[in-house]
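Visitor: Residue numbers (this note's numbering), protein chains in the order written: chain E, 1 to 474; chain S, 1 to 474.
The set of hints was computed from the structure by calculation and includes no laboratory data. Everything hinted at is true.
Pairwise CB distance ranges (calculated): (1) S:V132 with E:A70: 55 to 65 angstroms; (2) E:T319 with S:E228: 18 to 28 angstroms; (3) E:Y224 with S:G408: 35 to 45 angstroms; (4) E:E74 with S:R372: 50 to 60 angstroms.
Here the structure is a predicted model, which is why all the values come from computation and not from measurement. Backbone N, C-alpha and C define an ideal beta-carbon position, used for all residues, glycine too.
This is what each chain is made of:
2 protein chains.
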Amino acid sequence: MNQPIPHPSLLKRQLPETFVSALAARFGDRFHTTEAMRLHHGRDESAFDPMLPDAVVFAHSTGEVAEIVALCSEHDVPVIPYGTGSSLEGHLLAIRGGLSVDVSEMNRVIAVNAEDLTATVQAGVTRKQLNVEIKDTGLFFPIDPGADASLGGMAATRASGTNAVRYGTMRENVVSLTVVTADGKVVRTARRARKSSAGYDLTRIFVGSEGTLGIITEVTVKLYPQPEAISAAVCNFATVDDAVRCVIQTIQMGVPVARVEFLDAAFVKAVNVHSKLALHESPLLLFEFHGSEASVKEQAELVQEIAKDHDGREFTWATHPEDRSKLWTARHNAYFAGLQVKPGTRAITTDVCVPISRLAESIATTVADCERSPHIPSLILGHVGDGNYHVMLLVDPAHPDEFAEAEGINHRLVSRAIRMDGTCTGEHGVGLHKMPFLVEEHGEDALDLMRALKRAFDPKNIMNPGKIVALERG
Amino acid sequence: MNQPIPHPSLLKRQLPETFVSALAARFGDRFHTTEAMRLHHGRDESAFDPMLPDAVVFAHSTGEVAEIVALCSEHDVPVIPYGTGSSLEGHLLAIRGGLSVDVSEMNRVIAVNAEDLTATVQAGVTRKQLNVEIKDTGLFFPIDPGADASLGGMAATRASGTNAVRYGTMRENVVSLTVVTADGKVVRTARRARKSSAGYDLTRIFVGSEGTLGIITEVTVKLYPQPEAISAAVCNFATVDDAVRCVIQTIQMGVPVARVEFLDAAFVKAVNVHSKLALHESPLLLFEFHGSEASVKEQAELVQEIAKDHDGREFTWATHPEDRSKLWTARHNAYFAGLQVKPGTRAITTDVCVPISRLAESIATTVADCERSPHIPSLILGHVGDGNYHVMLLVDPAHPDEFAEAEGINHRLVSRAIRMDGTCTGEHGVGLHKMPFLVEEHGEDALDLMRALKRAFDPKNIMNPGKIVALERG
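Please construct the entire structure, taking both the sequences and the accompanying hints into account.
Guide: Structure follows, in structure tokens:
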């Protein structure tokens with residue numbers, strides 16, 4: 001696709017000899033310079049072509065990461081943290097080469113404090129791993145971005161997903177971080193108290209900083225009691241607008257839905273094919289309710305009434321765990337289901353989030369825009385309780401102009417979202433792909449504050465350089 | 001009391017002549033240099049002696065604040081925002097003189113977006129005013145720090161209060177801010193979307209920054225549907241430990257209590273006298289439940305069972321709005337009730353917050369420490385669902401050594417809390433009073449990050465200088 005960067009490179013740049021020999025001596029066979037390893041660490045789930053780091057090192061502890069970053073600082077080598085590689089906007093592409101620090105082997109659950117409803121993990125622990133390890137405590141970690149991402153990566157991108165409408169995003173659910181700063185020092189951003197007014201919010205500064213201010217090595221997150229009862233249901237609607245109005249009223253009445261996901265007819269069709277389901281192929285809401293038996297029943301009845309007011313069809317229930325699991329697995333595989341609508345294509349995925357009052361309008365204008373490019377299949381799904389939705393645009397690598405056309409749709413979508421007081425990214429982050437939109441969203445004066453922060457925390461510009469915000473006004 | 005600052009001053013310093021004449025010409029009778037006005041703006045609810053600004057100006061708009069700050073920047077004059085003056089840690093004392101910018105007349109509710117559950121207000125709007133103005137929408141703003149503080153001030157101190165256990169603090173409830181930066185520019189920190197991953201979290205950087213990074217002029221906050229049903233109840237316990245264990249189990253079972261406040265026997269007695277109540281004078285929990293009729297009933301039954309398991313006495317219910325209001329008014333007047341335990345004294349109020357698993361131990365060791373100073377009455381109340389509690393220590397201005405003795409109790413309390421992975425301030429903020437504890441809590445390397453942020457956002461050190469963190473290592 002069209003690269004916003006002038007010099008992508010598959011070639012190996014020259015790393016300082018002393019730097020390479022120091023790392024090789026210290027980390028032995030955990031230090032790599034093979035092309036295969038560099039390629040694996042030079043791409044993510046975005047549509048960007050790979051951009052390779054010059055070397056890769058697997059760290060096993062905060063102390064090791066601190067050593068590595070100190071060495072990078074000494075030699076002015078860019079450093080990019082790597083978790084599971086599931087980022088979607090080119091976050092970890094090595095646009096200036098440098099060293100990829102892979103934390104996937106830092107995968108130890110350090111402490112579970114069940115009474116306090118917190119867990120502290122190394123950055124490479126994935127959300128599914130954490131939930132398996134804490135199962136017996138009666139607690140769970142709800143944030144669910146679809147991919148089985150690492151908690152370090154989820155914190156770094158301020159991730160969320162299907163449960164955010166009830167449980168919030170990583171912004172609300174990170175209690176504290178251990179971070180290696182750009183000069184190789186180890187800092188803990190906060191204590192484990194549930195609230196604090198003790199100075200600047202270092203935790204929230206690093207949540208969403210995408211490796212550009214420091215490397216997250218440990219994460220303390222909030223846990224929640226496993227709900228006594230869970231039920232899930234699907235409900236179809238005649239129009240997108242009806243479905244969205246149903247969600248707005250549900251939220252406004254304070255019904256504490258745990259999940260409310262929207263799929264358009266095209267996505268329902270794709271999911272039916274991929275997951276062998278027989279869902280009605282019209283705009284659909286997929287609900288999940290958490291609570292006591294009585295509360296779940298009450299929530300469900302209330303939402304059914306609201307749905308009826310908006311011409312919703314009958315609710316189809318999935319009360320058995322296996323049916324529920326099938327439904328949510330299908331939802332989580334929607335990305336792959338979508339890709340198969342036109343095999344051989346690559347997906348450009350949008351991620352706007354608007355005030356929910358503007359959601360129906362935002363989707364409607366986007367559908368109309370997509371219809372002007374009928375050769376580019378488009379599918380929509382969304383975490384509509386938050387006003388956040390994704391359009392998946394399937395572009396054919398054999399027709400490079402389709403990339404530009406799809407980016408045009410995305411750009412117009414983002415501009416409309418920003419005019420509606422929304423954001424260019426609800427949960428994926430900026431990476432490389434969203435950088436051009438930040439001026440439109442925040443204005444240059446706000447970006448100057450972000451630049452000042454970046455310069456203050458990373459004066460040598462070695463931490464994942466060239467991401468989020470350009471250091472000079474454009 | 002013992003001032004941590006070398007040169008408190010009641011004397012008027014010399015402001016640059018051109019600065020004074022420019023402000024006088026621009027703001028006319030909204031610009032003040034009288035001692036009475038300066039005194040009013042040079043103190044808060046802390047036990048510190050006043051430290052006066054050299055002048056006071058009443059701003060009416062973001063544009064005016066920007067003009068004022070630009071002028072302060074040009075003339076290197078310190079600038080301190082002032083809302084209602086209800087801060088508790090010396091936040092707004094003019095330790096280096098300068099200009100107090102009073103935003104209390106910026107008291108307009110700018111927009112209520114009921115469908116999106118948000119309201120945008122000028123910084124001087126108080127929480128009670130907002131709730132009156134939005135009453136007809138069926139929504140409310142829950143954050144309740146006791147005082148009828150301004151929303152700008154609440155954002156600046158990361159305030160919370162009795163409802164935080166259910167609804168979170170200002171950290172979670174501020175959607176976006178309009179801020180005047182140290183060079184007099186106007187920045188909006190975020191759009192109105194419920195979530196965003198679009199760059200560094202400027203909103204959370206300014207929430208809790210106590211006027212040291214910029215002046216908050218507008219605040220967009222989350223609103224919540226007024227609950228269908230509310231009930232309140234009090235329950236007495238034989239010991240502090242029983243009460244706290246009851247709270248831990250309630251939280252751990254996921255009961256969504258809206259409020260759970262603890263008062264020790266001394267505080268119950270003070271409240272009985274002050275508010276003419278007849279509460280049983282032993283450790284007490286004051287609960288509030290929000291939800292549907294059925295859900296409130298279910299929550300209350302569950303908590304009653306839990307209380308019974310911890311030897312709680314019978315619940316006393318306050319279901320009628322007027323009874324409930326009487327109870328909560330009594331709770332909110334607890335500070336004044338406490339002061340009357342020994343008339344003529346001043347209160348030093350502590351504010352630690354610990355992981356809830358350590359709360360009983362934290363309170364018990366503190367009680368034991370207080371008992372060694374029987375001539376200093378001590379009373380304890382707390383937002384125990386969050387692990388946050390306040391000890392009110394009544395010191396006699398006629399015996400200056402009592403200040404030092406009370407500060408000793410506070411210091412030991414804070415040190416123990418930090419060793420329990422807690423914080424020196426759960427909700428009051430740092431101001432002047434908590435500055436000495438930040439090294440203990442965060443370590444010098446984390447404070448260096450805070451210093452770097454302060455220098456980056458306020459290179460001339462004119463924004464409420466000398467608060468939160470000293471610019472050099474001590």
